[in-house]
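Undergrad: All chains should be built: construct the whole structure from the sequences, respecting the hints.
2 protein chains.
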Amino acid sequence: MGDPATPPSSELAAMAIVDGASLKHPFSDRVPVRSIVCRPDGGAGLAGNRVRAGGWVKTGREQGKGSFAFLEVNDGSCPANLQVIVDAGVEELSTLVQTGTCVSVEGVLKVPPEGAKQKIELRVERVLHVGPTDPAKYPIPKTKLSLEFLRDHVHLRPRTNTISAVARIRNALAFATHSFFQEHGFLYVHTPIITTSDCEGAGEMFQATTLINEAEKLEKELIENPPPTEADVEAARLTVTQRGEIVAQLKAAKATRDDISASVAELKIAKENLSRLVERAKLRPGIPKKDGKIDYTQDFFARQAFLTVSGQLQVETYACAVTSVYTFGPTFRAENSHTSRHLAEFWMVEPEIAFADLQDDMNCAEAYVKYMCGWLLDKCFDDMELMAKLYDKGCIDRLRMVSSTPFERISYTEAVRLLEEAVKGGKEFEKNVEWGIDLASEHERYLTEDIFKKPVIVYNYPKGIKAFYMRLNDDSKTVAAMDILVPKVGELIGGSQREERYEVIQRRIAEMGLPLEPYEWYLDLRRYGTVKHCGFGLGFERMVLFATGIDNIRDVIPFPRYPGRADL
Amino acid sequence: MGDPATPPSSELAAMAIVDGASLKHPFSDRVPVRSIVCRPDGGAGLAGNRVRAGGWVKTGREQGKGSFAFLEVNDGSCPANLQVIVDAGVEELSTLVQTGTCVSVEGVLKVPPEGAKQKIELRVERVLHVGPTDPAKYPIPKTKLSLEFLRDHVHLRPRTNTISAVARIRNALAFATHSFFQEHGFLYVHTPIITTSDCEGAGEMFQATTLINEAEKLEKELIENPPPTEADVEAARLTVTQRGEIVAQLKAAKATRDDISASVAELKIAKENLSRLVERAKLRPGIPKKDGKIDYTQDFFARQAFLTVSGQLQVETYACAVTSVYTFGPTFRAENSHTSRHLAEFWMVEPEIAFADLQDDMNCAEAYVKYMCGWLLDKCFDDMELMAKLYDKGCIDRLRMVSSTPFERISYTEAVRLLEEAVKGGKEFEKNVEWGIDLASEHERYLTEDIFKKPVIVYNYPKGIKAFYMRLNDDSKTVAAMDILVPKVGELIGGSQREERYEVIQRRIAEMGLPLEPYEWYLDLRRYGTVKHCGFGLGFERMVLFATGIDNIRDVIPFPRYPGRADL
Numbered sequence: 001m002g003d004p005a006t007p008p009s010s011e012l013a014a015m016a017i018v019d020g021a022s023l024k025h026p027f028s029d030r031v032p033v034r035s036i037v038c039r040p041d042g043g044a045g046l047a048g049n050r051v052r053a054g055g056w057v058k059t060g061r062e063q064g065k066g067s068f069a070f071l072e073v074n075d076g077s078c079p080a081n082l083q084v085i086v087d088a089g090v091e092e093l094s095t096l097v098q099t100g101t102c103v104s105v106e107g108v109l110k111v112p113p114e115g116a117k118q119k120i121e122l123r124v125e126r127v128l129h130v131g132p133t134d135p136a137k138y139p140i141p142k143t144k145l146s147l148e149f150l151r152d153h154v155h156l157r158p159r160t161n162t163i164s165a166v167a168r169i170r171n172a173l174a175f176a177t178h179s180f181f182q183e184h185g186f187l188y189v190h191t192p193i194i195t196t197s198d199c200e201g202a203g204e205m206f207q208a209t210t211l212i213n214e215a216e217k218l219e220k221e222l223i224e225n226p227p228p229t230e231a232d233v234e235a236a237r238l239t240v241t242q243r244g245e246i247v248a249q250l251k252a253a254k255a256t257r258d259d260i261s262a263s264v265a266e267l268k269i270a271k272e273n274l275s276r277l278v279e280r281a282k283l284r285p286g287i288p289k290k291d292g293k294i295d296y297t298q299d300f301f302a303r304q305a306f307l308t309v310s311g312q313l314q315v316e317t318y319a320c321a322v323t324s325v326y327t328f329g330p331t332f333r334a335e336n337s338h339t340s341r342h343l344a345e346f347w348m349v350e351p352e353i354a355f356a357d358l359q360d361d362m363n364c365a366e367a368y369v370k371y372m373c374g375w376l377l378d379k380c381f382d383d384m385e386l387m388a389k390l391y392d393k394g395c396i397d398r399l400r401m402v403s404s405t406p407f408e409r410i411s412y413t414e415a416v417r418l419l420e421e422a423v424k425g426g427k428e429f430e431k432n433v434e435w436g437i438d439l440a441s442e443h444e445r446y447l448t449e450d451i452f453k454k455p456v457i458v459y460n461y462p463k464g465i466k467a468f469y470m471r472l473n474d475d476s477k478t479v480a481a482m483d484i485l486v487p488k489v490g491e492l493i494g495g496s497q498r499e500e501r502y503e504v505i506q507r508r509i510a511e512m513g514l515p516l517e518p519y520e521w522y523l524d525l526r527r528y529g530t531v532k533h534c535g536f537g538l539g540f541e542r543m544v545l546f547a548t549g550i551d552n553i554r555d556v557i558p559f560p561r562y563p564g565r566a567d568l
Numbered sequence: 001m002g003d004p005a006t007p008p009s010s011e012l013a014a015m016a017i018v019d020g021a022s023l024k025h026p027f028s029d030r031v032p033v034r035s036i037v038c039r040p041d042g043g044a045g046l047a048g049n050r051v052r053a054g055g056w057v058k059t060g061r062e063q064g065k066g067s068f069a070f071l072e073v074n075d076g077s078c079p080a081n082l083q084v085i086v087d088a089g090v091e092e093l094s095t096l097v098q099t100g101t102c103v104s105v106e107g108v109l110k111v112p113p114e115g116a117k118q119k120i121e122l123r124v125e126r127v128l129h130v131g132p133t134d135p136a137k138y139p140i141p142k143t144k145l146s147l148e149f150l151r152d153h154v155h156l157r158p159r160t161n162t163i164s165a166v167a168r169i170r171n172a173l174a175f176a177t178h179s180f181f182q183e184h185g186f187l188y189v190h191t192p193i194i195t196t197s198d199c200e201g202a203g204e205m206f207q208a209t210t211l212i213n214e215a216e217k218l219e220k221e222l223i224e225n226p227p228p229t230e231a232d233v234e235a236a237r238l239t240v241t242q243r244g245e246i247v248a249q250l251k252a253a254k255a256t257r258d259d260i261s262a263s264v265a266e267l268k269i270a271k272e273n274l275s276r277l278v279e280r281a282k283l284r285p286g287i288p289k290k291d292g293k294i295d296y297t298q299d300f301f302a303r304q305a306f307l308t309v310s311g312q313l314q315v316e317t318y319a320c321a322v323t324s325v326y327t328f329g330p331t332f333r334a335e336n337s338h339t340s341r342h343l344a345e346f347w348m349v350e351p352e353i354a355f356a357d358l359q360d361d362m363n364c365a366e367a368y369v370k371y372m373c374g375w376l377l378d379k380c381f382d383d384m385e386l387m388a389k390l391y392d393k394g395c396i397d398r399l400r401m402v403s404s405t406p407f408e409r410i411s412y413t414e415a416v417r418l419l420e421e422a423v424k425g426g427k428e429f430e431k432n433v434e435w436g437i438d439l440a441s442e443h444e445r446y447l448t449e450d451i452f453k454k455p456v457i458v459y460n461y462p463k464g465i466k467a468f469y470m471r472l473n474d475d476s477k478t479v480a481a482m483d484i485l486v487p488k489v490g491e492l493i494g495g496s497q498r499e500e501r502y503e504v505i506q507r508r509i510a511e512m513g514l515p516l517e518p519y520e521w522y523l524d525l526r527r528y529g530t531v532k533h534c535g536f537g538l539g540f541e542r543m544v545l546f547a548t549g550i551d552n553i554r555d556v557i558p559f560p561r562y563p564g565r566a567d568l
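Line by line, the protein sequences are chains A and B.
Under the UniProt record's numbering, the residue at position 76 of the first sequence is numbered 76, and the numbers go up by one with no gaps.
Under the UniProt record's numbering, the residue at position 472 of the second sequence is numbered 472, and the numbers go up by one with no gaps.
Simulated from the structure, these hints should not be mistaken for lab results.
What you were told as hints is all true, and nothing was included just to trick you.
Pulled from the structure, derived: some chain B residues nowhere near chain A, Cβ distances all over 10 angstroms:
id	residue
1	Gly64
2	Phe70
3	Asn81
4	Leu93
5	Pro113
6	Ala252
7	Ala253
8	Ala422
9	Lys427
10	Ile465
11	Ala467
12	Lys477
13	Gly549
Taking lysine-lysine and the DSS-like style, the derived pairs with C-alpha atoms no more than 25 angstroms apart in a straight line are:
id	chain 1	residue 1	chain 2	residue 2
14	A	Lys289	B	Lys293
15	A	Lys453	A	Lys431
16	A	Lys289	B	Lys220
Note that CB positions come from ideal geometry on N, CA and C, so glycine has one too.
TA: Structure representation (C-alpha cells):
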C-alpha cells in the first residue's frame with residue numbers, strides 16, 4: 001500500500017480529464033468501460049486520450065502469429081466490452097487471453113481501422129495487473145451456460161452477461177423505487193426483520209432463535225463439567241446443618257465475637273455452595289421446557305420470534321403519524337415451494353398512505369409501476385436490449401406499453417363475469433370460475449394477456465378470501481382490496497384500503513377466528529386518532545421478472561434461498 | 001369507497017393549484033403541511049387559497065367562551081404544525097381539541113392578525129373526518145415524555161416531535177446513501193439475510209430454522225394419532241407372512257391366474273401397510289437427531305442457517321464482477337449487550353470497490369460521510385434545529401465541520417504514540433495503551449474529540465486484532481485496515497483493502513485457526529481473475545446518533561430489538 005496521504009500523481013489526474021469532465025472512476029485510477037463506450041459516439045471522440053481501464057477478459061485471441069492479442073474486457077459497468085490490444089512485447093499474451101483473467105491496463109484510446117465493429121479501442125502501453133485464470137479449472141468457461149447451471153455457482157455468475165445485466169436492472173428498479181417515493185414525499189421506514197407479530201395470521205414462518213445454540217453450549221458444558229449428583233447435594237446440605245450447629249454451639253457457649261463471626265462466615269459459604277449445587281442440579285441438556293412446552297422466556301427476546309412475512313402492520317404505525325411512508329426490505333416464507341415463482345427470502349416494497357382511500361391506492365400503484373418502466377427505458381436500454389435478444393423479444397415493447405397506457409380497472413365481480421363468459425365461449429381453465437373464488441394465476445393472466453392486453457386492476461374482492469385488515473365495503477360482502485395484474489407474471493401488486501373503524505376491525509378479527517391480544521397495538525391505531533389509510537405490496541423479484549422476461553425467480557435475486565438451498 | 005374510475009372533482013383539482021404547481025398530495029386530496037408552512041414566506045403567499053389538510057392535533061384549546069378553537073395540527077411532513085381555526089358551528093369542539101385526535105378539514109388559508117407567531121392559518125369551513133382520542137386513555141398525552149418511556153409504546157411514538165424528526169432524518173440519510181453511491185456508479189446489491197456463511201468466524205448469530213416448528217407439529221400429530229406399538233408392527237409383519245404363504249400355496253396348487261393375482265395384490269397391500277407402520281414407528285417427538293447431534297439435513301435449507309452479521313463477503317462476489325457495488329440492509333448479532341450502543345438488529349451500509357486500494361477506500365468513505373452531512377444541512381435543517389434545541393446544541397456545527405474539514409489520517413502506530421504521550425501528560429484511560437491493543441472507545445473518542453477535534457482515519461492496524469480477509473502489509477505485522485472515528489460516537493466506519501493474493505489469504509485463514517472448507521467459494525474469487533479491492537462498513541444507526549446527538553441507539557431505529565425485547 002502506498003502512503004495514504006499522497007494525492008494521485010498529477011500525470012494520472014491529467015489523463016483522466018476529457019471534455020472538461022473527469023473520466024476517472026471517483027475512487028480508483030480506472031476509467032469505467034461505460035464512460036468510454038456508452039457515449040453517443042461510441043467513444044470515438046475520446047481517441048488520443050490516455051486512460052487506465054480494468055476488467056475481466058470475456059474473450060481473447062492472439063493474432064499476427066502471436067505478435068499481439070485482442071481482448072474483450074468487461075468491468076460490469078455496462079453490457080458492452082472494451083476492445084483492448086496488447087503487443088507481445090508488453091506482456092505474456094497466453095495468460096491474458098484466457099476467459100476470466102482480470103487485467104488492469106494503461107494505454108491510449110484509438111479509432112480502430114475502418115470496418116471494425118467497435119468505435120474505439122485501447123492500445124495498451126503498460127499492464128498494471130494480471131489476475132490469471134486457469135482455463136482447465138475455471139467453473140464458468142466461455143461456452144454458453146444455462147441459468148440452471150449457473151445457480152450452482154452463485155459466487156461467479158455475476159461475471160456472465162445475463163446475471164450482470166440483471167444486477168444492473170435490479171439496481172435500477174431499486175433506485176427508481178426510492179426516487180419515486182422520495183419525490184412524492186414518502187418517508188422510507190425500516191420495519192423489523194425479527195418480529196413477534198404474524199401479519200397474515202397464517203403462513204409458515206422461520207423462527208429466529210438462540211435456544212438451540214444455547215442448548216448445545218450447555219450440553220457441551222455439562223459433559224466437560226458434569227452436574228452434581230444427589231449425593232453431592234446431600235453432602236452439601238449436611239455441611240450446612242453441621243456449620244449451623246457449630247454456630248449455635250458457639251453462641252450457646254458465649255464464645256468470642258470473632259469466633260462466632262468466623263463460624264457464621266463459614267456457614268454462609270456452605271449455604272452459597274449448596275444453593276449453587278441445587279441450581280446446577282436442575283440443569284438439563286436440551287431445549288428448556290416448562291409445563292411440557294418450550295420455555296421461550298429463555299430465548300433471546302424472552303418470547304418466540306420469527307422472520308417477518310410483511311412489514312405492513314408495522315409500517316402502518318408510521319403512516320398513522322407521518323402520513324406517507326414506505327418500507328423496502330427482505331421478507332420470508334418457510335413454504336416448501338419448489339416453483340419458479342417462489343423464494344424463501346424475497347424483497348418487498350410496501351407503501352402506506354394516510355388520508356387516502358382505495359382509489360388513491362390504485363393511482364399510486366399505477367404511477368409507481370409506470371415510473372419504474374419509464375426509468376428502465378431511460379437508464380437501462382442497453383441491458384434491456386440484451387434481455388430482448390436473449391430471453392424475451394417483447395420485453396421492451398411491454399415496458400413501453402405499460403409506461404404509457406392507462407391500466408384497466410374492473411371490479412372482481414366484473415372480472416368473474418368476463419371469465420365466465422370466456423368459459424362459455426370455449427376457454428378452458430383448470431380451476432372452476434365462480435363468484436367467491438380466489439382468482440388463480442391462469443385467470444389473472446387470461447384477464448391481462450388475452451382480454452385486455454394491458455395491466456388490469458381488479459378491486460372489491462369477496463371478504464372471505466382476503467385479510468382481516470381490509471376495509472369492509474357497504475355491501476358487507478366485499479372488501480376494498482385491489483390487485484394489479486400484468487402480462488407475463490400475473491399478480492404484481494396486492495393492496496387495500498385498511499379498516500379504520502375500531503368496531504368493524506375488532507369484529508373482523510373475531511370472525512376470522514384470530515385472537516385479539518396480539519393485535520392490541522394494531523387496534524390502538526384505531527382507538528386513538530384513527531384515519532382512513534391504504535397501502536399495497538409489490539413483490540420486487542416479480543417486477544424484475546416482468547421487466548426482464550426471465551422465467552425463474554432464482555435468477556433475478558443475487559443469492560436465492562429455497563428449500564434445501566442457501567448457498568453462501 | 002367511491003367509484004375508483006371517477007376522477008377527482010374539478011372543484012378539488014382547482015383548489016389544489018397554487019403558483020402553477022400542485023399543492024395537493026399526489027395520492028390523496030390533502031395538502032401536506034410542509035407545502036404550506038415550509039415555504040420561505042412561511043406560507044403567507046398562499047393566503048386566500050382553499051385547501052384540504054389533515055393530521056393529528058398536537059394541542060388544541062377552545063377560545064372566545066367556546067365559540068371557536070385553535071388546533072395545532074401536525075401530519076409528520078415537517079416538524080412545524082399548521083394552525084387551524086374551527087368555529088363551534090362547524091363541529092363539536094371538545095373532541096377536536098384533544099391531543100391525538102385526527103382531523104381532516106377543508107377551508108381557506110388566511111394571514112393571522114399581526115403579532116401572531118404563525119405566518120398563515122387555516123380557517124375551517126368543513127370538517128371531513130374526526131378520529132377521536134380519549135384523553136383519559138391515550139398512552140402518550142401532551143406532557144413531556146422521556147424517550148425511555150416512549151420505548152414502551154413504539155407503535156405510537158412516531159407521533160411525538162422527537163421520533164418523527166428522527167424518522168425524517170433517518171429517511172434523509174438512507175436516501176442520501178443511495179444517491180451518493182448511485183451518483184458514483186455503484187450498483188446496489190441485495191446480499192442475503194439468511195446465510196450459511198459466518199463472515200467474522202466468530203460472533204453470536206441467530207439461527208433461522210423450521211426445526212422447532214416441525215417438531216411441535218409432529219408432537220401434536222403423534223398425540224392425536226399415536227404411532228404404532230411394537231405389537232401393531234408385529235401383527236402387520238405376521239399378515240405379510242400369512243399372505244405370502246397363501247400366495248405360495250395357491251401357486252403350488254396351480255390355482256387359476258385370477259386367484260393368484262388377487263392374492264398377490266393382497267400381499268402387496270399388506271407389505272405397504274407394514275412399511276408405513278415401520279416408518280411411523282421410527283417417529284420420535286422432539287428435534288430430529290443423528291449420531292447424537294441435531295440432524296440439520298431435515299431443516300428447511302438442509303443445513304444449519306443463520307441471520308447474517310455482514311454482507312461483505314457476499315458482496316465481494318459482485319465487486320469481483322461488476323466493480324463498484326454496495327449493500328444496505330439489516331444485520332444481526334445475538335450478543336447479550338444491554339448498552340446504549342448495541343442492537344440485535346441494525347442496518348449496515350457496505351460498499352465494495354474493485355481496482356481500488358486502501359487510499360481509495362478512505363477517499364470513498366470520507367466523501368460519503370461528508371455527503372451525508374451536507375445532505376442533512378440541505379434537506380433537514382428544520383429537524384436538525386429541533387435536535388439542537390432538545391438534545392445536542394452542537395449538532396448542526398458538527399455537521400458543518402465534518403462536511404467541510406478534511407479528515408485527519410494517521411497510522412495506528414502514530415495513534416498509539418499520541419495516546420501514550422497523553423498518558424505521560426496525565427490523561428487517564430481505563431484500558432492501558434500499548435502497541436497491539438484494539439483501541440477502546442475511550443481512546444477513539446480522545447483522538448477525535450480532544451486531540452484532533454475532527455474526524456480521524458486510523459489505518460494500518462496490527463494483524464492480530466483484525467480479520468483474516470484484510471490485506472497484509474509489507475511489514476508482515478500490520479494489515480491495510482482503516483477505521484473512521486468521529487466526535488460523539490467514536491468508530492463510525494471500519495474498512496480495509498482485502499487480501500487478493502491466494503497464497504497469503506489461505507495462510508491467514510489457517511493462522512487464525514479457521515477451517516478452509518467454508519471459504520472455498522471466497523477463495524475462488526482469488527483463484528480466478530483476482531483483483532485488488534477494498535470496502536468498508538458503516539453502522540447506519542451510529543450515523544443517525546452522530547447526526548442527531550441522541551444518546552440511545554434504541555431511539556434512532558423504528559423497532560429496536562435487544563435482549564428481552566422485540567415489540568411488534
